[in-house]
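Undergrad: Sequence:
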Amino acid sequence: MGTRRKGRILAFQSLYRYDISHAPLKELFDFSWLGEERLSKYSSEALNFAHILILGTIKNIDRIDTIIRDKLEHWDFTRLARVDLAILRMSVYCLLYKKDIPYSVTIDEAIDIAKEFGTEDSYRFINGLLDGIYRKYKM
Numbered sequence: 003m004g005t006r007r008k009g010r011i012l013a014f015q016s017l018y019r020y021d022i023s024h025a026p027l028k029e030l031f032d033f034s035w036l037g038e039e040r041l042s043k044y045s046s047e048a049l050n051f052a053h054i055l056i057l058g059t060i061k062n063i064d065r066i067d068t069i070i071r072d073k074l075e076h077w078d079f080t081r082l083a084r085v086d087l088a089i090l091r092m093s094v095y096c097l098l099y100k101k102d103i104p105y106s107v108t109i110d111e112a113i114d115i116a117k118e119f120g121t122e123d124s125y126r127f128i129n130g131l132l133d134g135i136y137r138k139y140k141m
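Our numbering numbers the first residue of the sequence shown as 3 and each following residue consecutively.
Among the hints, erroneous ones may be present.
Under the rule of at most 20 Å between Cα atoms (straight-line distance), these lysine to any residue pairs were calculated in the SDA-like manner [said to hold, decoys possible]: (1) Lys-61 - Asp-32; (2) Lys-28 - Asn-50; (3) Lys-73 - Ala-83; (4) Lys-100 - Glu-122.
If you're looking for bench data, these hints aren't it; they were derived computationally from the structure.
Whenever a hint applies, use it, and build me the whole structure from the sequences.
TA: Below you can see the structure in the form of structure tokens.
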């Protein structure tokens, strides 16, 4: 698994934690829930990339959530699965603000993470939503 994939997974997991507990950034950034042994297996590059994604997403969460809400059709934002929401938030942040990452990479990574951590249909839902957001905003 590549460095950025590891960073994305850590960021997604931290954003999920943030949504559930509203943990402060300090706690999100220390990844203490991993334990020292597991944490030691992550490179500083993966941890730094995760920090960038977490901070950027949380800093811009109101705009990100508005964009997600606007694209939902016949679905209430509050009914989104928390795993899907964390993946969507991180991915929309990347689409909006991380211009150095091609949109196709962002969407492909979101799909892969959804396949691993989401429900059976999460990846289809996330793919459709992110593709629609990208097409609407042509980031």
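Undergrad: If a hint holds in the structure, say so; if it doesn't, say that too.
TA: A quick look at each hint next to the structure:
1. Distance hint between Lys-61 and Asp-32 is fulfilled; the C-alpha atoms sit about 18 Å from each other, no more than 20 Å.
2. As the CA atoms of Lys-28 and Asn-50 are separated by approximately 14 Å, the hinted pair is consistent with the 20 Å bound.
3. Proposed proximity of Lys-73 and Ala-83 is supported: the alpha carbons are some 16 Å apart, at most 20 Å.
4. Between Lys-100 and Glu-122 the alpha-carbon distance is near 28 Å, which puts this suggested pair outside the 20 Å criterion.
Checked against the numbered hints given earlier, the structure breaks only hint 4 and satisfies all the rest.
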